[in-house]
Amino acid sequence: MADPRKYPEITINPESIRQAIDARMNARLKMWMRICAHCGLCADTCHFYVAKDRDPKMVPSYKAQKLKEFVKKKGQVDEAYLKEIYDIAYGDCTVCRRCTMFCPFGIDMATMVATLRGILTSQGMAPEGLKAAIKNYQETGNQMAVSEEDWVETLKWMEEELQEELPGAVIPIDKKGAKIMYTVNAREPKFYPQDIQLAAKVFHVVGEDWTFPSKVGWDDTNLAMFAGDLKTAGYIVQLIRDAAEELQVQRVVITE
Amino acid sequence: MTFSALVEGPLLWIAFLTFLIGSALRLLFFIALSTKKDKPVYRYFNFKWMMLSILRWLLPLNVDIKKNPVFTILGYIFHICLLSVPLFYSAHIALWQESRFGWSWWQMPDVWADWLTLILIAISIFFIIRRLVLAEVRIITTVSDYLLILVCALPFVTGYLNTHPDGSAYAWVTSALPLYGQYSTLIHILTGELMLILVPFTKLSHWVLFFVSRTVIGVEFGRRNYTV
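Heads up: the protein sequence lines correspond to chains W and G, in order. My numbering runs 22 ahead of the 1-based position in the first sequence. My numbering runs 7 ahead of the 1-based position in the second sequence.
Chain W with its partners taken away, still in its complex shape (with noise of 0.2 Å):
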């Protein structure tokens, strides 16, 4: 039977790979390579253990220690390898930290699995999903790719919509020196925009002073950090401060 999994294009440089690895390690990755006595008192913290019946390649040291093992090769890997490290940083750890709870040491196991996925990411391999998100993000500043135009536009009509049935309420775009910014998940705009409106009926009913940014920085979900892209993670959380401080608000407030 043919693998029912799909994997990303992949084109292996040793050299990129390896520039992609120093570019990561950082102080902590190396001591936690270094200290993991492999005492094995993270297994049963993992959801995955426990729900693929415990199943010792789900145990996060064992996962974590991928990282150790691929530093190691510098670069010289195959495409068999990629796909391994890929299944078992996407398919086999959701980077949640539990196992960290009940590390002696306090290994950051799922960091390095991150780490793991920031290197295949810089090699062009993850998931189609994020990255058609992450080059959203990079050209329009949300991960739906929804204009400027279309943004303000949906939020005028959700307004004409709330006025309905509640005359005298606002969705206030770039209101200078109000308390509170809102940012929302761009599938809002994009698909369910009547949350849009719910949310300005609370802000309205109890006499909140917020507003949204017209521009960019009003989508505060951020993709490119669960492909361990921090580069462009770190630009979408910048595109929220900038915003809010342009607008001179007094917090942000995100959507649930």
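It is possible that part of the hints are untrue.
Residues from chain W that keep clear of chain G, each with C-beta distances beyond 10 Å, as calculated [unchecked claim]:
no. : residue
1   : E175
2   : D196
3   : H226
4   : V238
5   : T254
6   : R263
7   : Q270
Chain G stretches covered by chain W per the calculated footprint, using a threshold of three residues with CB under 8 Å from any CB of chain W [to be verified]:
no. : stretch
8   : 43-49
9   : 210-216
10  : 223-234
In case anyone wonders, no lab produced these hints; they're calculated from the structure. Glycine included, each C-beta is placed from N, C-alpha and C at the ideal position.
Add chain G to chain W, keeping to what the hints say.
This is chain G only, laid out in the frame that chain W set:
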């Protein structure tokens, strides 16, 4: 220079200095690299979270006591034996007193040293069996994990043998290894030196890095309001 003079002289110095300087360098290497590449640790550093995280896991005040009481408690006892016997055994202190330093400090009754040694050996055997038996531990176990248990236990095994020359264990070992009787003290010293030398180069460096790692995660979890 005779072999015994080498082991008791220069090699002893090398072992202690490797252990001390090597461990200090581990710490320095961490600081040197982390100031460049681990800035959040410094930005969010907090003394309270550091101390909480270290104390909770240095003392048996953590969640693993509840989750795996047997293994965790044996782990604590193992460490107590491993540190206390070399430091407080009377004959060791006598050697420090004889040495150029002339140091001396509290010593434990010899009967304590005997029992703590036997307990450490028993726990070492348990650790090895546990690594072999439990699938979830076996998969993450490397050859060096077994060897390091041996390295830690050998000074205790030889120490016990040498202080009980009338015992049946000693008779058994000397009949299997006729040379052991002749070099028993040297072998004991060598095993200790081996352990000290290996500390900076293996996971045994956790005697220093434990504190660093707990600090790092204490700061990281503390600032996110998780349990440190």
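- prompt: Taking 10 Å as the cut and beta carbons as the points, is Q270 of chain W off the interface with chain G?
  reply: holds (24 Å)
query: Is the nearest Cβ of chain G still more than 10 Å from the Cβ of V238 of chain W?
result: holds (25 Å)
field: H226 of chain W and chain G, when compared Cβ to Cβ, separated by more than 10 Å
entry: With a cut-off of 10 Å, H226 of chain W remains clear of chain G, as the shortest Cβ separation is near 31 Å.
message: Confirm or reject: T254 of chain W is not an interface residue toward chain G, with every Cβ-Cβ distance exceeding 10 Å.
response: holds (18 Å)
- request: Hey, is D196 of chain W genuinely clear of chain G, shortest beta carbon separation above 10 Å?
  value: Holds, since 31 Å exceeds 10 Å.
- prompt: Would you say R263 of chain W is clear of chain G, with no C-beta pair closer than or equal to 10 Å?
  reply: holds (15 Å)
message: Using C-beta distances, would you say chain W covers the stretch 223-234 of chain G, given that this needs three or more residues below 8 Å?
response: holds (count 7)
query: Checking the smallest CB distance to chain G, is E175 of chain W really beyond 10 Å?
result: Check passes; 37 Å lies beyond 10 Å.
- prompt: Counting residues of the stretch 43-49 of chain G whose CB is closer than 8 Å to a CB in chain W, do you get three or more?
  reply: holds (count 3)
- request: State whether the coverage of the stretch 210-216 of chain G by chain W holds or is violated, taking the criterion as 3 or more residues with Cβ-Cβ distances under 8 Å.
  value: holds (count 4)
No hint from the list above goes unmet by this structure.
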